[in-house]
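J.: With the hints as your guide, set chains B, C and D with the ligands onto chain A.
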Amino acid sequence: MRSGGYTDTMIRILLRHLREGIRSLGRNGWMTIASISAVTVTLLLVGLFLIVGFNLQAASLNVEGQVVMNVFLLPDATPADVPSLQTQIQNMPDVKSVVFVSKEEGLQQLRNKLQADQDLLAGLDSNNPLPNKYIVQAKDPAQTDAIAGRISTLAHVEKVVYQKDTVNRLLTWIAWARNFGIVLMLALIFTAMFLISNTIRITIFARRREIEIMKLVGATNNFIRWPFLVEGFLIGVLGASVPIALLSTGYAILVKNIAILPSFSLLTPVPLLSETGLFLLIVGSFIGMWGSVVSVRKFLRI
Amino acid sequence: MRSGGYTDTMIRILLRHLREGIRSLGRNGWMTIASISAVTVTLLLVGLFLIVGFNLQAASLNVEGQVVMNVFLLPDATPADVPSLQTQIQNMPDVKSVVFVSKEEGLQQLRNKLQADQDLLAGLDSNNPLPNKYIVQAKDPAQTDAIAGRISTLAHVEKVVYQKDTVNRLLTWIAWARNFGIVLMLALIFTAMFLISNTIRITIFARRREIEIMKLVGATNNFIRWPFLVEGFLIGVLGASVPIALLSTGYAILVKNIAILPSFSLLTPVPLLSETGLFLLIVGSFIGMWGSVVSVRKFLRI
Amino acid sequence: MIEMYDVWKTYPNSEPALQGINVKIDKGEFVYVVGPSGAGKSTFIKLMYREEKPSKGTIFINNFNLEKLKERKIPLLRRQIGVVFQDFKLLSRKTAWENVAFALEVIGATGKRIRSRVKETMDMVGLADKADALPSQLSGGQQQRIAIARALVNSPAVIIADEPTGNLDPENSWEIMNLFNQINQRGTTIVMATHNRDIVNTMKKRVIAIEQGHIARDEKRGVYGYDD
Amino acid sequence: MIEMYDVWKTYPNSEPALQGINVKIDKGEFVYVVGPSGAGKSTFIKLMYREEKPSKGTIFINNFNLEKLKERKIPLLRRQIGVVFQDFKLLSRKTAWENVAFALEVIGATGKRIRSRVKETMDMVGLADKADALPSQLSGGQQQRIAIARALVNSPAVIIADEPTGNLDPENSWEIMNLFNQINQRGTTIVMATHNRDIVNTMKKRVIAIEQGHIARDEKRGVYGYDD
Ligand SMILES: Nc1ncnc2c1ncn2[C@@H]1O[C@H](COP(=O)(O)OP(=O)(O)OP(=O)(O)O)[C@@H](O)[C@H]1O
Ligand SMILES: Nc1ncnc2c1ncn2[C@@H]1O[C@H](COP(=O)(O)OP(=O)(O)OP(=O)(O)O)[C@@H](O)[C@H]1O
Ligand SMILES: [Mg+2]
Ligand SMILES: [Mg+2]
Numbered sequence: 000m001r002s003g004g005y006t007d008t009m010i011r012i013l014l015r016h017l018r019e020g021i022r023s024l025g026r027n028g029w030m031t032i033a034s035i036s037a038v039t040v041t042l043l044l045v046g047l048f049l050i051v052g053f054n055l056q057a058a059s060l061n062v063e064g065q066v067v068m069n070v071f072l073l074p075d076a077t078p079a080d081v082p083s084l085q086t087q088i089q090n091m092p093d094v095k096s097v098v099f100v101s102k103e104e105g106l107q108q109l110r111n112k113l114q115a116d117q118d119l120l121a122g123l124d125s126n127n128p129l130p131n132k133y134i135v136q137a138k139d140p141a142q143t144d145a146i147a148g149r150i151s152t153l154a155h156v157e158k159v160v161y162q163k164d165t166v167n168r169l170l171t172w173i174a175w176a177r178n179f180g181i182v183l184m185l186a187l188i189f190t191a192m193f194l195i196s197n198t199i200r201i202t203i204f205a206r207r208r209e210i211e212i213m214k215l216v217g218a219t220n221n222f223i224r225w226p227f228l229v230e231g232f233l234i235g236v237l238g239a240s241v242p243i244a245l246l247s248t249g250y251a252i253l254v255k256n257i258a259i260l261p262s263f264s265l266l267t268p269v270p271l272l273s274e275t276g277l278f279l280l281i282v283g284s285f286i287g288m289w290g291s292v293v294s295v296r297k298f299l300r301i
Numbered sequence: 000m001r002s003g004g005y006t007d008t009m010i011r012i013l014l015r016h017l018r019e020g021i022r023s024l025g026r027n028g029w030m031t032i033a034s035i036s037a038v039t040v041t042l043l044l045v046g047l048f049l050i051v052g053f054n055l056q057a058a059s060l061n062v063e064g065q066v067v068m069n070v071f072l073l074p075d076a077t078p079a080d081v082p083s084l085q086t087q088i089q090n091m092p093d094v095k096s097v098v099f100v101s102k103e104e105g106l107q108q109l110r111n112k113l114q115a116d117q118d119l120l121a122g123l124d125s126n127n128p129l130p131n132k133y134i135v136q137a138k139d140p141a142q143t144d145a146i147a148g149r150i151s152t153l154a155h156v157e158k159v160v161y162q163k164d165t166v167n168r169l170l171t172w173i174a175w176a177r178n179f180g181i182v183l184m185l186a187l188i189f190t191a192m193f194l195i196s197n198t199i200r201i202t203i204f205a206r207r208r209e210i211e212i213m214k215l216v217g218a219t220n221n222f223i224r225w226p227f228l229v230e231g232f233l234i235g236v237l238g239a240s241v242p243i244a245l246l247s248t249g250y251a252i253l254v255k256n257i258a259i260l261p262s263f264s265l266l267t268p269v270p271l272l273s274e275t276g277l278f279l280l281i282v283g284s285f286i287g288m289w290g291s292v293v294s295v296r297k298f299l300r301i
Numbered sequence: 000m001i002e003m004y005d006v007w008k009t010y011p012n013s014e015p016a017l018q019g020i021n022v023k024i025d026k027g028e029f030v031y032v033v034g035p036s037g038a039g040k041s042t043f044i045k046l047m048y049r050e051e052k053p054s055k056g057t058i059f060i061n062n063f064n065l066e067k068l069k070e071r072k073i074p075l076l077r078r079q080i081g082v083v084f085q086d087f088k089l090l091s092r093k094t095a096w097e098n099v100a101f102a103l104e105v106i107g108a109t110g111k112r113i114r115s116r117v118k119e120t121m122d123m124v125g126l127a128d129k130a131d132a133l134p135s136q137l138s139g140g141q142q143q144r145i146a147i148a149r150a151l152v153n154s155p156a157v158i159i160a161d162e163p164t165g166n167l168d169p170e171n172s173w174e175i176m177n178l179f180n181q182i183n184q185r186g187t188t189i190v191m192a193t194h195n196r197d198i199v200n201t202m203k204k205r206v207i208a209i210e211q212g213h214i215a216r217d218e219k220r221g222v223y224g225y226d227d
Numbered sequence: 000m001i002e003m004y005d006v007w008k009t010y011p012n013s014e015p016a017l018q019g020i021n022v023k024i025d026k027g028e029f030v031y032v033v034g035p036s037g038a039g040k041s042t043f044i045k046l047m048y049r050e051e052k053p054s055k056g057t058i059f060i061n062n063f064n065l066e067k068l069k070e071r072k073i074p075l076l077r078r079q080i081g082v083v084f085q086d087f088k089l090l091s092r093k094t095a096w097e098n099v100a101f102a103l104e105v106i107g108a109t110g111k112r113i114r115s116r117v118k119e120t121m122d123m124v125g126l127a128d129k130a131d132a133l134p135s136q137l138s139g140g141q142q143q144r145i146a147i148a149r150a151l152v153n154s155p156a157v158i159i160a161d162e163p164t165g166n167l168d169p170e171n172s173w174e175i176m177n178l179f180n181q182i183n184q185r186g187t188t189i190v191m192a193t194h195n196r197d198i199v200n201t202m203k204k205r206v207i208a209i210e211q212g213h214i215a216r217d218e219k220r221g222v223y224g225y226d227d
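Protein chains in written order, with numbering that gives the first Met the number 0: chain A, 0 to 301; chain B, 0 to 301; chain C, 0 to 227; chain D, 0 to 227.
With the rest of the complex left out, here is chain A:
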């Protein structure tokens, strides 16, 4: 009986806090709107940056994926050496793929490449001066240099060639863009968290008299805190919903219309948007609660 009564009391009080939090959200009117819109606007920005960032990231991987090196073999390599050497390179760390290109295939490719200068290569079919080669791709394009060095020490390898200059320049640019992007992203997320909790703090600061009165009338700290927690959670969730909705519809429209452009493809909405949305929801509700509870604490010392 007694313990049943205790549980009843707990449930009753919890329900009361829930009701109180929701009610307070409504009564604060303008302040609630200001808080929610601060959450909305910051998370919209975060979401926008996340989506753009992931897309640029994917696109840059795509560009980087085209960086390859040519490993030219010495004429002394026998046809039997070819697969063993290939396995050897394949087994190196950081190597993504190794493709064998025979001298005949190489000549064909050179022909295609020189296009206008076909005449130049006339009569070479019978006396092909090109070596056999592997086309090797690194897992991480930035490792190209290191891998090239390692491969060139192998037996039967004449030399390793790739377009050092252009590739390096491009890779550097992309790498910087990506690093900056990550730094900015983190800066943005922290700023968003700070701004949301700052806004919630100010609104609670404006209610400090209310909190003091509650304490003077005999409320415990938890009794005061809980409705604020509920309120902060709701502000976070409501504030995150708008950007999630906006980003989802906006992205869907973009994906549909961008399909016309051939050379750039956007990531598919499903894992991207659902993960971004979840992230925003978690950030919003967590900061909402955290901001509320931390700020309330300051005024409980009476």
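Be a bit skeptical, because a hint or two may be false.
Unchecked claim - Cut-off 30 angstroms, straight-line C-alpha distance, at most; resulting in silico cross-link-like pairs (DSS-like, lysine-lysine):
hint, chain 1, residue 1, chain 2, residue 2
1, D, 93, C, 93
2, C, 52, B, 297
3, D, 72, A, 297
4, D, 93, A, 297
5, B, 297, C, 69
6, C, 55, C, 219
7, D, 93, C, 52
8, B, 102, A, 102
9, A, 297, D, 26
10, C, 26, B, 297
11, A, 297, D, 55
12, D, 52, D, 69
13, C, 219, C, 52
14, C, 52, C, 26
15, C, 72, B, 297
16, C, 93, A, 297
17, D, 23, D, 52
18, C, 93, D, 52
19, B, 297, C, 219
20, D, 52, A, 297
21, D, 67, A, 297
22, D, 93, D, 219
23, D, 72, D, 26
24, B, 138, C, 26
25, D, 93, B, 297
Derived by calculation from the structure, the hints in this document are not laboratory data.
Remember, it's a predicted structure, so these values are computed and weren't measured experimentally.
T.: This is chains B, C and D with the ligands only, laid out in the frame that chain A set:
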């Protein structure tokens, strides 16, 4: 005499508003700190993005600058045609530079390019099958395609060749990165403006009773507004000072240490940082004043 | 000076708080407004300095027709009326001194005049030593006296006081009443809502009794009434 | 019940507001605290429910030693004391009903009990018809009566009232005093700071007079004193 007295009163009241605004900044203690730090954090983010954005922009121009097209001439072009054709191309809109490369120079370049396959070109010196060509660069790399089309209709031009695929892919990536960057930058600036004025609004909302009392005691709207204007201005200026200081020192340190990396050079601090700083200062103070005055207005209707 | 013709006031979602008030107060009069809690005294008073607008009826204060008064002109009206609010309405971030000085700042008084007048008035209410205290650092009665000082400081043509002695001990109350009496004798009109039977019955003045939104009684040298 | 031994209170940057207070109030007593404005009555009262901490001295309330009372236990103390604050301290965003109900919610009362007790208490102070009004929509006296209702509603062991009749007309004041008297006769200790000479002199109880931070007088069936 009378008009002198009137001017005196005006000056006295203006000084009073100034004093009052500064004093109020001090008295609001925690609220002032919250407002200033909201300005600081948002403008720090804006400044960071601006600086990074300008640098990436400059770097991308640098990369784009390497996109060129080869204009091959027909063998029927006489040496006299060469300069006139060159002027013709040079005078086209959007063309940045035209460099003539004779067939002999072309062979040399091909040699350098093929490196490993030198033997291939043996004996071509006497019987050079390569055509003369111009190397043309567009002012805007995105115009390359259009210019190529226009040049190929000229007399004596055989065809225009450039590395369509790779270049296009790279250019598309950079163009997208840049467009996204501009969109994000604008979104960020608007968000910052919204958040700053939102924060100031909430702090003033918390002081609405104060404003009401002033009105009931006989203050005119302007009398109430002015100190808030001063206060908002100071919040904006103080809030902008911190990010300006942080960004300046941070960037100076970065420039000094980055000098080691060869392939990437940062913009010089002087025009970049002074312009960014001025921008932040103007945005901060303007939004500070605007946010204050707009929010005060709501509570003056008593 | 103060005239009301068939004035009604109904707050949103409520019964009418004032129902057809007709009253005329001449320049230099001293009027007590009495009546039970919730009768409409504060509402009656709030109409005079335009904190509230009447739902119906015409009000003249000091030759201002409040119905036709433009928004911009309201501060001019309020500067001619010194108000002691029932809930004091002190500026919580300003010191006692600054609160009193504020009523002079709004009319653009010089620093010199502000200093001398504020000092004088703070002395009159007996709070010269609390000049630098914030309202939250004052006792209830001290806050009330600062509110009174602010109402007096710019020597307004009318003083409207809503229970100015509610938080004062009898001695302080009488000092304030004597002050009001002196000011009144120099020609200032005084309207004062009060529950203090002693004061009304001792310092005999005109009494307007409001009950349930009506004027129940209006006597030249009246008494508090409502015996129990 | 309430004991103070050599209690001093000095606010920051001020003269001492209380100087060596020794007092013992038994369970079931009815005590008036009188004295001029700024004498230290509210400070004396604020020490009892721990709004203020003494600078020196020992205080026992209801067997709680306030010196040793842990932060977490303060709410337990306050729930045994119903306080009518001089400035009401109503929650501005809650209706009259909710303000009164709040004191029951904090002790975890059931919805049913809250409804019946709040209704009963609002009836006692004569404000059953103002249940849904916000404090800003109530007259001064109505706000004061809501504050009184909140102090009574959870039947505390002690009621501490700081000028509970300052904004009430004599009739309402007497009704409240009768209410206090009834509650006191059922065993509740009552401490009441007041400026109302009529009440103190008519309803004779113990009178503690505070002057400039000292207890100047402590009489079993005292009078207001301070004739003028
Ligand atoms: N803003 C408001 N909204 C709704 N009703 C109000 C408002 N202000 C006052 N009232 C109601 O109008 C009536 C008259 O209020 P008023 O403040 O004029 O009374 P009063 O005579 O001053 O009382 P007291 O002596 O208690 O101060 C009361 O019933 C009150 O509840
Ligand atoms: N928070 C505070 N900080 C500084 N001084 C204070 C503070 N609160 C009160 N005082 C001072 O302490 C003295 C006693 O104040 P208290 O409020 O106890 O007086 P009181 O007897 O209740 O007066 P009243 O009848 O006017 O309400 C006063 O001089 C007051 O100015
Ligand atoms: Mg009133
Ligand atoms: Mg007091």
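J.: So, for every hint listed, does it hold in this structure?
T.: Hints and how they fare:
no. : hint            : verdict
1   : 93(D) / 93(C)   : holds (28 angstroms)
2   : 52(C) / 297(B)  : holds (18 angstroms)
3   : 72(D) / 297(A)  : holds (18 angstroms)
4   : 93(D) / 297(A)  : holds (22 angstroms)
5   : 297(B) / 69(C)  : holds (18 angstroms)
6   : 55(C) / 219(C)  : holds (27 angstroms)
7   : 93(D) / 52(C)   : holds (25 angstroms)
8   : 102(B) / 102(A) : holds (28 angstroms)
9   : 297(A) / 26(D)  : violated (36 angstroms)
10  : 26(C) / 297(B)  : violated (36 angstroms)
11  : 297(A) / 55(D)  : holds (26 angstroms)
12  : 52(D) / 69(D)   : holds (13 angstroms)
13  : 219(C) / 52(C)  : holds (28 angstroms)
14  : 52(C) / 26(C)   : holds (23 angstroms)
15  : 72(C) / 297(B)  : holds (18 angstroms)
16  : 93(C) / 297(A)  : holds (23 angstroms)
17  : 23(D) / 52(D)   : holds (18 angstroms)
18  : 93(C) / 52(D)   : holds (25 angstroms)
19  : 297(B) / 219(C) : violated (44 angstroms)
20  : 52(D) / 297(A)  : holds (18 angstroms)
21  : 67(D) / 297(A)  : holds (22 angstroms)
22  : 93(D) / 219(D)  : violated (40 angstroms)
23  : 72(D) / 26(D)   : holds (21 angstroms)
24  : 138(B) / 26(C)  : violated (85 angstroms)
25  : 93(D) / 297(B)  : holds (23 angstroms)
When each numbered hint is compared with the structure, violations occur for hints 9, 10, 19, 22, 24.
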